[in-house]
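A.B. asks: Here the structure of chain A is known, so what remains is to put chain B in place on it, guided by the hints.
Taken in order, these protein sequences are the chains called A and B. The first sequence begins at 1 in the working numbering and counts up one residue at a time. The second sequence begins at 1 in the working numbering and counts up one residue at a time.
FYI, nobody ran anything at the bench for these hints, they're computed from the structure. Note that the structure is a prediction, hence the values are computed from the model and not measured. Glycine included, every Cβ here is placed at the ideal spot set by N, Cα and C. One should not assume that every hint holds.
As the list claims (entries may be wrong) - Covered stretches of chain B (chain A as the covering partner; in silico rule of three or more C-beta atoms under 8 angstroms from a C-beta of chain A):
| id | stretch |
| --- | --- |
| 1 | 20 to 27 |
| 2 | 34 to 42 |
| 3 | 59 to 73 |
To be verified - Simulated coverage check for chain A against chain B, where a stretch passes if three residues somewhere in it have a Cβ under 8 angstroms from a Cβ of chain B:
| id | stretch |
| --- | --- |
| 4 | 117 to 130 |
| 5 | 223 to 237 |
To be verified - Here are some of the chain B residues that sit facing chain A, going by a computed Cβ distance under 10 angstroms:
| id | residue |
| --- | --- |
| 6 | Leu30 |
| 7 | Ser45 |
| 8 | Gly49 |
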Amino acid sequence: MGQEHCAPGSATALVDEQDGAPLVALIGPPNSGKTTLFNRLTGLRQKVANYPGVTVEKHVGRVQVADDGTIDLVDLPGVHGFSARSLDEKVTRDVLEGRMPGLRAPDALVLIVDSTRLESQLMLVEPVLELELPTLLVLNMWDELVERGGHVDHAALARRLGVAIARTDARGGLGVDDVRAFLAGVVRRDGAHGRAVTNVPRGTALPMMDAFAARRRRVREIVGEAGFVQPGASSSSERLDAIALHRVWGPLVFLAVVVLVFQALFAWATPLIDGVDVLISSSGEWLGSALPDTWFRSLLVDGIWAGVGSVVVFLPQILILFLFLGFLEDSGYMARAAVIADRMMYRVGLQGRAFLPLLSGYACAVPAILAARTVDDERDRLATIFVTPFMTCSARLPVYALLIAAFIPDEPLLGPFLGQRAAVLLGLYGLGIAAAVLTAFLLKRTLLKAKPSSFLMELPPYRLPSLRSIGLRLLDRSRIFLRRAGTIIFAVTVVLWTLTQFPRVDGGPPLVDDSALGRMGQVIEPAIEPLGFDWRIGVGLVTSLAAREVIVGTLGTIYGVEEATEEDLGLQDALRRDLTLGSAIGLLVFFAFALQCMSTVAVVRRETAGWKWPALQFGYMLLLAYVGAFVAVRIF
Amino acid sequence: MDLRLPSIPLRQTVELVHIDLPADQAEPLLERGVLPGCKICPVRSSPSGDPIISIDGSLLALRRETAACLCVRLLSANGVSQLQEAS
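In isolation and in its complexed conformation, chain A is listed as follows:
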C-alpha cells in the first residue's frame, strides 16, 4: 500500500486566503540548490535533490523576516527556460505571470544559480529580468566555486544586471542572511529592481535559434565583464563516474542499487512492519478489553483500529523507500541511473527519466505518478503514468501474501534456492513488468505515437547527501502518509463497518450475507462468477477500490462476523473452502493487473488534467485483469 500521498489539490490551499504578506517566487535551474535554500528559509519540509526536476509539487512556505513581518515563498520547479514545453516550465510560467489559479502574482523574485556553472545558468537571467520585478540573484555553491579555483566579480555582476546579489552555500547556511535581508526589503517594498539586459523590445519575434544565440552572446558578454573564471572540473566526480558509467561496472552498480532497494523494501522492512503490527493489534486488544461491549467498541476496535491499522503497518516500508530515493537523488546517482536505463526504456517507448517513477511504483503508484513530472516529454510522461500502476506496489503484497500462504504449498521448486511460494511471487512481479512493457510498446505505436523524443540529462556533480534534509523529508512523508490513513482510510473503514451493521435484525447487526455490504457483493456476483469468485470476494473487490489491501481486512471482517455463527475457521481455511486453486490464482492475476486504487485514479486525473486518461487506464487495466483471471481459472 503506501499511498503516501497528497490529497489532490491539498498543496494549493496554504496561502490562498492569506492576504497582506507579499509573495516571493524562488526560481532557478535544476540542481542549483533551490529547494535547499527554500528549506533554510521556511523550515517547511519537502523534497530536495540532485536529480533534475524532482521539486515538482507546489511548495509554499511562510518566512518570518526579522521584525519587518512575513512573506510567502513559493518554490518553483527547476527549469532551464520558460518555453512551457514541459509541465514544470508551464507551472513556472503560470506562477510568474500570476495566472496560476489560487496563487496571486509574485511581488518579487529570487533567482538562484549554481555559481560553478554560471555561464549556462545565467541563460535564465534574461527572461527573469524581463518580468520587471524586484529580483535577488543568489550565487549558490559559492564555496565550491572558490574551492575549485573559479572566480567572479559579484559586485560587477550586480552593477551590470542591476540586481542585488547574495553569495551563498545554502547547504551550510552561509549567506542565507543576505537573502533574508532582501526579503525584508520586499516587505518594506524597497527591493532592488533588475535592469533589462537587452534592448530587444518585448514580443519581438526572432526565430528561436537566433533569439537563443543572441541571449547567449549577451550572457557571455556579461560574465566576461564580471571576470568569470570557470572552476576546474570536480576530480572526485570524474573518478566516481569512471565507475558508475563504466561499460561493465556501470550496469553492475545499477543492478546492485536496484537489488539493494528491493532487499531493503521487502526484507529489512519486514521486522519493522511486524513490530508496528504487534503494536497495533495489542493496543486494539487492550482497547477491546477496556471498553464495554457496545456498538461503539465494535466500531472502534473491529472497524477503525483494524482498518486503519492495516494501512499504518506499511509506514516503515514507505519510509525506507524514501530514505533510499533521497540518498540516490541527493547524491547525484539517480541521474546516472537514468542515463543507464535510458537505452532500455527507449526500446519499449519510454525514456531514462521514467526509471525513477517506475522504481517508486514498487512502493506506491501515487508518489510515483507525481515523480513522472520529471519526464520532460509530454507523450513519454503520459506513457509513464499509464504503465506505472502495473508495477507491483506494496498494497498488493498483503493480498499476495494471504492468497499465496493459503493456496501455494511451502515446498522447494529449485532445490533450496527457490521455493514455490517465492516463485509465484516473482511470477506476479514479472507479470506486472510484462504488462507495463507491452502497454508502453502499444501506446507509443497508437495513442501516443510521435517522433522519438530527445533525451537530455544533466549529470550534477556527486555531493554528499545532507542527513538533515533527508531526515526532514522522511518526517514530512510520514506526516502526509498518516494524515491520509487518518482521513481516507478512516472514512472507508467507518463506511464499511456501518454497511455490515444494517439493516438491523432484532436491534442487533445482521448476518454478513444479509447486510447492506453483503447485498452489494451479491449484486456483482454474476459478473465475477465466471472467475470462480463468490459474493464475499465480490465485496472485497468493491471495497478494495479504496485501496487494494482493504480486501484483506474486508475478508477478515466478513469471515470474522461469520465465525461467530458458524464453525471457527481461520481466514486462510475459510478461503480454501470458498475458492479453488484456479480461482485463487485468478484472483492473484486480477490484482496484478487491475487498477484497484482510487488514490491513483485521483492523482492521474490531476496530473493529466481530465478524466480521459484515468478512465482509459482504469478500463484498460480492468479488462486486462478480467481476461487474465478468466484465462488463469481455466489453465489451473
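C.D. replies: Same frame as chain A, but now just chain B:
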C-alpha cells in the same frame, strides 16, 4: 564539411556549428547552452554507447541519435586536432 559529434574522439573539444533538428526538438539543447558557437567536448561514453559531453562546466548526457544531429568543427584553423583539458 559534415563532421558530426559522434565521430569526435573523447576529450577533444570542438565547436558546435549547427543543430540539425527541428526547432521544438532543439529547444531543450538551446536552453542548456548547446548553441551554435559553443564549445563542447565528449568526455565519456555511457555503457550503452551514448555520449556524455561537457559544456560550460556542466555534464550533459545525450542519445547518440541526438548527437548525430550536432554538426561540429575542429577548433584550430588548419584542421590539426587540438587536445584540451575538459573543463
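A.B. asks: For each hint, tell me whether it holds in the structure or not.
C.D. replies: Going through the hints against the structure:
| no. | hint | in the structure |
| --- | --- | --- |
| 1 | 20 to 27 | holds (count 6) |
| 2 | 34 to 42 | holds (count 4) |
| 3 | 59 to 73 | holds (count 7) |
| 4 | 117 to 130 | holds (count 4) |
| 5 | 223 to 237 | holds (count 4) |
| 6 | Leu30 | holds, 4 angstroms |
| 7 | Ser45 | holds, 8 angstroms |
| 8 | Gly49 | holds, 8 angstroms |
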